[in-house]
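Protein chains in written order, with numbering that gives the first Met the number 0: chain W, 0 to 150; chain C, 0 to 327.
Source of the hints: derived by calculation from the structure; they are not laboratory data.
Some hints here could point you the wrong way.
[Said to hold, decoys possible] Mimicking SDA-like on lysine to any residue, the simulated pairs with C-alpha atoms at most 25 Å apart in a straight line are:
1. W:Lys127 - C:Val132
2. W:Lys127 - C:Pro131
3. W:Lys127 - C:Leu137
4. W:Lys127 - W:Gly98
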Amino acid sequence: MMRLAVAGALVAALAGCQGIPADPDGTLDEVTGGTLQVGVTHNPPWTDVMDAANPSGSEVRLVEQWAADLDAEVSWTVGSESVLIDAMDRGELDLVIGGFRDDTPWMDRAALTAPYTESTGDDGAVEKHVMLAPLGENRFLVALETFLGRP
Amino acid sequence: MASRFRHPELPDEQAAILARAVRYEWLTIGYLALTIAAVGIVMGSSQALKTAWVEDLLSLAPPFAFLIATRIAAMPATARFPYGYFRATGVAHLVAGVALLTMGAVLVGESAISLVTNDRPPVGTVQLFGAPVWSGWLMIGVMALTIPVPVIFGRIKMKLARQLHNKVLYADADMNKADWMTAAGSIVGVTGIGLGFWWADSAAAAFIAASILWDGVKNTRGAITDLMDTRATTFDDDRPHPDAELVARYLQNLPWVDDVYVRVRDEGQFLHVEAFVVPRSNRSLTLERLEEARAACRALDWKLLDVVLTPVAEVPPLVASRSERRPS
Numbered sequence: 000m001m002r003l004a005v006a007g008a009l010v011a012a013l014a015g016c017q018g019i020p021a022d023p024d025g026t027l028d029e030v031t032g033g034t035l036q037v038g039v040t041h042n043p044p045w046t047d048v049m050d051a052a053n054p055s056g057s058e059v060r061l062v063e064q065w066a067a068d069l070d071a072e073v074s075w076t077v078g079s080e081s082v083l084i085d086a087m088d089r090g091e092l093d094l095v096i097g098g099f100r101d102d103t104p105w106m107d108r109a110a111l112t113a114p115y116t117e118s119t120g121d122d123g124a125v126e127k128h129v130m131l132a133p134l135g136e137n138r139f140l141v142a143l144e145t146f147l148g149r150p
Numbered sequence: 000m001a002s003r004f005r006h007p008e009l010p011d012e013q014a015a016i017l018a019r020a021v022r023y024e025w026l027t028i029g030y031l032a033l034t035i036a037a038v039g040i041v042m043g044s045s046q047a048l049k050t051a052w053v054e055d056l057l058s059l060a061p062p063f064a065f066l067i068a069t070r071i072a073a074m075p076a077t078a079r080f081p082y083g084y085f086r087a088t089g090v091a092h093l094v095a096g097v098a099l100l101t102m103g104a105v106l107v108g109e110s111a112i113s114l115v116t117n118d119r120p121p122v123g124t125v126q127l128f129g130a131p132v133w134s135g136w137l138m139i140g141v142m143a144l145t146i147p148v149p150v151i152f153g154r155i156k157m158k159l160a161r162q163l164h165n166k167v168l169y170a171d172a173d174m175n176k177a178d179w180m181t182a183a184g185s186i187v188g189v190t191g192i193g194l195g196f197w198w199a200d201s202a203a204a205a206f207i208a209a210s211i212l213w214d215g216v217k218n219t220r221g222a223i224t225d226l227m228d229t230r231a232t233t234f235d236d237d238r239p240h241p242d243a244e245l246v247a248r249y250l251q252n253l254p255w256v257d258d259v260y261v262r263v264r265d266e267g268q269f270l271h272v273e274a275f276v277v278p279r280s281n282r283s284l285t286l287e288r289l290e291e292a293r294a295a296c297r298a299l300d301w302k303l304l305d306v307v308l309t310p311v312a313e314v315p316p317l318v319a320s321r322s323e324r325r326p327s
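Isolated chain C, as found in the complex (with noise of 0.2 Å):
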C-alpha cells in the first residue's frame, strides 16, 4: 500500500514519513465518517448542529486531497507533463480551499438571517430505553464526543507536515485542530436553546460558520500564493524556506563564482531551484563544475529534487533587487 504512494525521489525516512501520513488520513476519514453518521442522527432542528455536520462533512475533503494528490504526484514525468506532476498537491490544496471557503460563506449567511429573522429552533425528545429524554442531551453528549480525537489527530499529522513538507497535509492538521472549538460552540448553542435562549443556537452556528470561512480564506490564500510561484515558504507559510539561502550561500562561496541569483519556487512535495550564476572569467566555466555543484545543491536537502543551473553574463535586472539577491 505504502509502496504505491512512494515517490521514487523520495529517501526512505521521508517515505516512511508519508505512508503514516497516508495512514492517518485513511484513519481521519474513518473517523469522520463516524463523526457524520452520529452528527446526523441527532443534529434535529438546531442550526449550530447542522452547521458543525456540514464542517465534518468539509472536513473530509482535504484529507482525500492529500491522498488523491500523493498518488498523482508521484507519477513520473512524461512527454506531456514534462515538469512532473508535482503541482497536484497545489491544485488539490486549492480546491480544498475553495470548497471551505464557498460553504463558508453560504453557512454565514444561513446563521445571520436565522438570527435576524428570530428562527427559533424547536428541540423536543427522543424514546430512549422506553423514557422520553430531551434531543439537546443527546446533541451535547455527541459533540462532547468528537471533541478529543481530531485534536489528536491534528498534533500528530502537524509533526509529520513539517517532516514532509506538505501544505494539504498542514491545512488539514490545522483544521483537524481547531476542530474542538466547533464541538465547544455547538455545545454551547444546544445549552442555549436549553436555558430558552433561543438565540445562542444561531450565534453558535455563526461563529462556527466564521471558522470555516477563515479556514477557507487561508488556504485558498496559501494555495493560490504556492501556484503563483510565490517564493518558496517553510510549510506553514511562516517564513521564507532556508533551502533558498543555502543553496544561494553554498554557489557564492565558490571560488569560480562572482554573483549568484537564485530562485526557488514550491511544486508541492519538493522545491524547484533555478540559480543563475555569474563565472569570474570565462575559462572558470567548465561543464564538470557546473554539474559538481548541481549536485552538491541536489544533496543539501531531499527537497532540492529539481536544481537548474544556468550560466549568465551578469544577473538579469528583472530578477535582480540587490536585497532579494544576497539574502544576508
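Chain W with its partners taken away, still in its complex shape (with noise of 0.2 Å):
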C-alpha cells in the first residue's frame, strides 16, 4: 500500500497549490484587470441587445458585477448563437450569454458552468441556467462559477 501512500501524499501536495485548476489559454489572467470578451445574444429577460450597444438583462448585469470584481472592462459582441460560438472557439470570445440552459446542443464546443439559478418553463418543466465558456479554461470557468455560486 507504498503507493496509495505516495497517491495520498502527492495529491495533498497538489491541493496545497494555487495554481490549480490552471487555463492553458490563460484567460483568467488576461481578463484580470483587462478586458471581458463577452458574446450576447438575445433572450429577455436573460438578455436584451435592442440597443445592441448597451445590452441589458439579469445575465449582462451578472457579468457585469464579475467584471467589476475582477477589476476589467467588458466588451460586448451582439450576435446570433452559431456565430458568438465560433468567435470563443477562435479565441475572440471569453464568455458567450444568452439565457442558456444545461442542455444546450453547444455542450460539445463550450464549457457550461454548473447551473446558476433555475426558471420555470412555459411547460411547467424546471429550466435551469448556464452560461458558455471556452473549452479547458478550467481556472476561468472555476472563477465564474464560484462568482455565480455566491449567495
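Got two chains here, separate frames each, mind docking them using the hints?
Structure representation (C-alpha cells):
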C-alpha cells in the first residue's frame, strides 16, 4: 500500500497548490485587470440587445458585477448563437450568454458553467440556466462558477 | 450455494476452492458496481475517467463469464452433448476476450481523435458542503480509492486460478492486478488538466484504452488457441501442461507397451487425454491391462477426468513427430 501513500501525499501536495486548475490559454489572467470579451444573444429577460451598445437583462447585470470584481472592462459582441460560439472557438470571446439552459446543444463546443439558477418553462418543466465559457479554460470556469454560486 | 457449482467429478479440496472462487467473483461484481456508480457520478468531461469507467464496466464480463461457465460446465453430459459442457469455459473466455478487444479498439480510436482534434476537457466546480470545489479533486479522490481493492482481489484470485486450473479466473485476476494502472493513469490525466496540460487527459485515456486492448488481445488469443485444441498448457499459458508428460511417461514404462503418443487438450476445468498405445505383441494386450492403465492415468491428477486409451499397431504418422512424441 506504499503506492497509495505516495498517491495520497501527491494529492495533498497538489491541493496546497494555488495554481490548480490552470487555464491552458491563460484566460483568467488576461481578463483580470483587462477586458472581458462577452458574446451576447437576445433572450429576454436574461439578455436584451435592443440597444446593441448597452445590452441589459439579468445575465448582463451578473457579468458586469463579475467584471467589476475582476477589475475588468466588459466588451460586448452581439450576434447569433453559432456566430458567437465560433468566435469563442477562435479565442475572440471569453464568455457567451443568452439565457442558455443546461441541455444546450452547444455542450460539445463550450464549457457549461454549473447551473446558477432555475426557472419554470412554458410547459411547467424546471429549466436550469448556465453560461458558456471556452473549453478547457478551467481556472476561468471555476472563478466564474464560484462567483455565480455566491448567494 | 456452493454445491450448485460443484462439479460431480471435482475432488473435495478443489470443490472448496471453486466455492471460494465463486464467492470472490460475487464480491468482485459487488465492488465493481460500487466503483461504476462512484466514477459515473464524478467523471464529468474527462476522457480518461470515461475510459476508466468503461473499463470498470467491461471488467464485469470476466466474473460473469466465470460464474455462468462454472454453472454450465458442471452439467452432466447428455445424448445431445456427449462430451459434456466443459467447453462453456472456453466460450465464456472468448466472449469476454472479444468484448475487451472491441471496446479497447474503439476507445483507442476515440482518445486518438480527441488528441488530434485538440479536445479540451472542461472541468468546473461542484458544491461540496456549501462551498465550490474543483471537480478534479473529487475525480482524483474517487480514482485513488479504487486502487487497492482490485489489486488484493487479483492476488487472491490468481492463487485460486492456479489451484483450480481455470483460465477465465486467471484472465480476470490478471486484469484486476493491472487495474491500479488504470486508476493511476486517470489520476495523472486529471492532474494534467489541473495543471493546464489539456492533452494529458486524452493521453491518459489512450494509455488506459491501450491496456484494455492488450487485455483483449491476450484473452482472445488464449481462448481461440484453447478452442482450437492447442496442446494443453498451464493455467497461465506459460508452458506445456506437465500432466501430458506424466501420462506419456507412465504408459511408456508399462511392460506391455512398446510405443505411445499422447495428446492432451484443455476443455476448461479439466484436461482430456487421448493416448495411442502400441502393445509389444498381440497377446500382451488385454482388456484388464487397458482398464488398469486408464484408471492409473486418471489417478495421476484430478484434472485428468477423461482419458481415452486407443491400442494401435503403430503410432499414426499424421500426429507423430518424433520430438512431440517423447517429451524428455
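Hints and how they fare:
1. W:Lys127 - C:Val132: holds (20 Å)
2. W:Lys127 - C:Pro131: holds (18 Å)
3. W:Lys127 - C:Leu137: holds (23 Å)
4. W:Lys127 - W:Gly98: holds (9 Å)
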